[in-house]
Each structure stands twice: as structure tokens, then as C-alpha cells.
Amino acid sequence: MPRPVMAPPSTRARSASGFVQAATLITLAAAAMACASNSDEPASSGSDVDGAAACGQYFDALSHQPAGCIPLGIAAASFYKAVDKPLYVKQCLLDLKAPGAGASPSFLSACAAEMESQHVCESKAAACQPPKGSLADGEGCSKGRQCKGGLCKVPGPASSGRPSFCGVCATGLGDGGTCQSTADCASGLFCLAGKCAPAPAPAAEGANCAQAAAGTSSTLPTLPCAPGLYCRTNIALPPATTTMTCARLGAKGESCVLGDCDKGLTCSAKTCVDPAEARDDGADCARAGDCKSGLCEAAKCKAVAVVGVGAACTTGSRCADGLACHGAADGATMVCVERIAEGAACASSGAPCATHTTCRNGTCQQNDPAACR
Numbered sequence: 001m002p003r004p005v006m007a008p009p010s011t012r013a014r015s016a017s018g019f020v021q022a023a024t025l026i027t028l029a030a031a032a033m034a035c036a037s038n039s040d041e042p043a044s045s046g047s048d049v050d051g052a053a054a055c056g057q058y059f060d061a062l063s064h065q066p067a068g069c070i071p072l073g074i075a076a077a078s079f080y081k082a083v084d085k086p087l088y089v090k091q092c093l094l095d096l097k098a099p100g101a102g103a104s105p106s107f108l109s110a111c112a113a114e115m116e117s118q119h120v121c122e123s124k125a126a127a128c129q130p131p132k133g134s135l136a137d138g139e140g141c142s143k144g145r146q147c148k149g150g151l152c153k154v155p156g157p158a159s160s161g162r163p164s165f166c167g168v169c170a171t172g173l174g175d176g177g178t179c180q181s182t183a184d185c186a187s188g189l190f191c192l193a194g195k196c197a198p199a200p201a202p203a204a205e206g207a208n209c210a211q212a213a214a215g216t217s218s219t220l221p222t223l224p225c226a227p228g229l230y231c232r233t234n235i236a237l238p239p240a241t242t243t244m245t246c247a248r249l250g251a252k253g254e255s256c257v258l259g260d261c262d263k264g265l266t267c268s269a270k271t272c273v274d275p276a277e278a279r280d281d282g283a284d285c286a287r288a289g290d291c292k293s294g295l296c297e298a299a300k301c302k303a304v305a306v307v308g309v310g311a312a313c314t315t316g317s318r319c320a321d322g323l324a325c326h327g328a329a330d331g332a333t334m335v336c337v338e339r340i341a342e343g344a345a346c347a348s349s350g351a352p353c354a355t356h357t358t359c360r361n362g363t364c365q366q367n368d369p370a371a372c373r
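The working numbering applies: residue 1 is where the sequence shown begins, and numbers increase by one.
In case anyone wonders, no lab produced these hints; they're calculated from the structure.
Built from N, CA and C at the ideal position, the CB exists for glycine as well.
Where hints are given, some of them may not hold.
Pairs of lysine-lysine, DSBU-like flavour, derived with a Cα cap of 35 Å [as the list claims (entries may be wrong)]:
#	residue 1	residue 2
1	K252	K90
2	K270	K90
3	K300	K263
4	K302	K85
5	K85	K195
6	K270	K300
7	K270	K85
8	K302	K97
Pairwise CB distance ranges, derived in the manner of DEER restraints [what the hints assert, rightly or not]:
#	residue 1	residue 2	range
9	L237	E338	44 to 52 Å
10	G331	S117	46 to 54 Å
11	D284	K97	30 to 38 Å
12	M334	V83	13 to 21 Å
13	D274	P99	43 to 51 Å
14	E297	P238	40 to 48 Å
15	S348	N208	16 to 24 Å
16	K97	S117	37 to 45 Å
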């Protein structure tokens, strides 16, 4: 739970989007999402029926996040695909039932509702800071939401024989504690200039949102802007200085760069338009966002071919949903392969497991937090 400040692989951060780890983008989804509620009391996990509905609602909200919420420019809808939703929900239910878990179906629903209504990244939704768990420091865990201290430190394969996704609960550093990353800090705090501190207040339109505004090389990608605003990079050539300021998302017909249009709009030919107005195949283009297909080659919009099992997956093609782009036997090309189903046999060097499962002990499995106890 898709994703944000990058957390180191040695620590499971407390983000809501880390609620379910996507197999194809593990380091990406570990982004530390920060937001509001600080209850120290674990909430009830609720019934499977309520939990499944809440997990599904949460998945949908993650898939609707605006451009820029997921690092590397990946569209949220491309990361959270409908074909992967059933296994996502199943993993989400395991996480809700995790020993000591503080998150509940009502928490997921509230987080999802705010993301949808405010059209914000999970990191900007005040309802998305998970409540703390009930496990004491040193107890086995898989996610920080199980722990009183808010952290689950995962060192990798454990000598105890527990799965590699397991770790031990630890207490996050308080305000003023010396840190190397936000994952070292208690819930609600960020690592700023090497010290754990509350996030700065959201800045108004036109205000500076660069990391330097806090006089630090913060682990926050940028300082937060008020709802409805985003942090825009104003590129300038030397001797002028590139700046970053909070700006409104563009309305229909307004100018844009990439990912800076309001909900339901796309940036095509530097103008915010309805997706249906983006350019058809064969039209002139300067970048992928100008085209309905999302592919601009040789200054022309081009259709992206959806290919099946055994076909090469290249810049101009993508594997059909449910397939994975995997190295061919010759080691030189990439081809589409079937993902291995949950419970089926797998090998570390073979085809990848279904999204939201991993190859462990020779079979594709989900990460059950109960195995960490």
C-alpha cells in the first residue's frame, strides 16, 4: 500500500500503502507515506466480509492516485491493475489479522475515502497514518503497524528459520532523535537534516516547497503543499537558479508540463485536456503524454501493442494483464510469460510468481505475518 519517501530495505516503514507489498515494485512500494491519526490502541480487524470490502476500496483508491504519487513516473493505474486485485485483497486480509495489528477495515475505508474525495496521494491524506500496534519491542513482526514502537526492523533471512520478510519490533526515534532516514523516526515524524521532526506545515500557492526551504537535504522528496496544490519545478538555466514552488493543478485548457493537470485530465501538447482529446495514432507529438496511446516515437503517436505469451516485450509493446516481461532462455531478449499461480511450484531463476506473492520454499506464497511469531 503502491507509495512518498523511500525507506531503506532494512526497515519496514509505517506507510499505509506498504499494507500490501507488490512483488514487481517492492522497493518502490516501500515509500513511507505520512499522514494524521495517532491512536496508540490497536483497532479491531473486523470480519472478513467488512475487511474484504475495505481492502477492495483501498486498492481502488490507490489505483486512482494522481500522477506523481508513485516514483519513477509510473501511473498508479499501471501499478494497481484490476487483474491483481483478488490477491491484493487476500494479502490485505492477512495483514489486517496480523498479530498486534492496529489497522482495521474502518481505517482503510477512511484512508481510501479521503484519497478519493481530495484526489491526493496517500502521503497527503490525513486519514492514512496507520494506528500503532500492540507488539512490544523485540517481538516478531512483518510490518511496523503491528508494533507499539511503530517500527519492524527486517534484517533479511533470519537465523531463527523464520521467513526473510520477518523482523522484530522496535521503537521509532522521537522528535529530535538522530536519524539516517524517515524510517528511523516514530510515526508522524520525518528525518530532516539528520533529526526526527514533524513535517512542516503545508505551504500555500506560490510558496517555496524545495527541500532547501527547511535548510536541509531532507528525506522528503519535497516539502508539502496545501491540498489542491503540487510542488512545481521551475527550471532555469545558469546563472539563474531552478526553484520549486507550490502551484495549482491545471484546469482544462490551462498549460501543463507532465502530471500537473487536475483530476480526470491529461497533459497533451502542453495543455490540460480530457483524455479523449489526446492525440490519435499518427499525429505529431513531442512526448508520450501527448498521445492517447502513451507512446511517442519519431515524433509520431504510435499504438502500443498488447502481446501475449512468448512475444517480445519492447518499448512499443506491453504484456497483456496477468503476464510478466521476463528474460528469455537466450539471456538476450525479454518475452512475455505466464506468472506462476499462488501455491504452484516456482524457482528463483524461473518465471515470476503472481503479483502479491513471492517464491519461497519452492512455491509461490503470500506473506502471512503469523509466520513471524
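Each hint, compared with the structure:
For the given pair, K252 sits about 39 Å from K90 by alpha-carbon distance, which is inconsistent with the 35 Å threshold. Between K270 and K90, the direct Cα distance comes to roughly 41 Å. Violation of the 35 Å bound is thereby established for this hinted pair. The hinted pair formed by K300 and K263 meets the criterion: a straight-line CA distance of about 26 Å does not exceed 35 Å. Restraint check for K302 and K85: satisfied, since their Cα atoms lie roughly 29 Å apart, inside the 35 Å limit.
Among the hinted pairs, K85 with K195 is inconsistent with the structure: their alpha-carbon atoms are about 38 Å apart, more than 35 Å. Taken as a hint, the K270 and K300 pair is honoured in the structure, with Cα atoms around 16 Å apart against an allowance of 35 Å. The straight-line distance between the Cα atoms of K270 and K85 is roughly 34 Å, inside the 35 Å bound, and the hint therefore holds. Between the alpha carbons of K302 and K97 the distance comes to roughly 46 Å, so the proposed pair goes past 35 Å and is violated.
Under the hint 44 to 52 Å, the C-beta atoms of L237 and E338, about 49 Å apart, fit the expected range. In this structure the supplied range 46 to 54 Å holds for G331 paired with S117, their Cβ-Cβ distance being about 49 Å. Remark: the range hint 30 to 38 Å for D284 to K97 is contradicted by a beta-carbon distance near 54 Å. A hinted range of 13 to 21 Å for the beta carbons of M334 and V83 is consistent with their spacing of about 20 Å.
Distance hint check: the CB atoms of D274 and P99 are about 48 Å apart, consistent with the given range 43 to 51 Å. For E297 and P238, the Cβ-Cβ distance of about 32 Å falls outside the hinted range of 40 to 48 Å, so the restraint is violated. Our hint of 16 to 24 Å for S348 and N208 is violated, since their Cβ atoms are close to 47 Å apart. Our hint of 37 to 45 Å for K97 and S117 is violated, since their Cβ atoms are close to 28 Å apart.
Of the numbered hints given earlier, the model fails hints 1, 2, 5, 8, 11, 14, 15, 16; all others are met.
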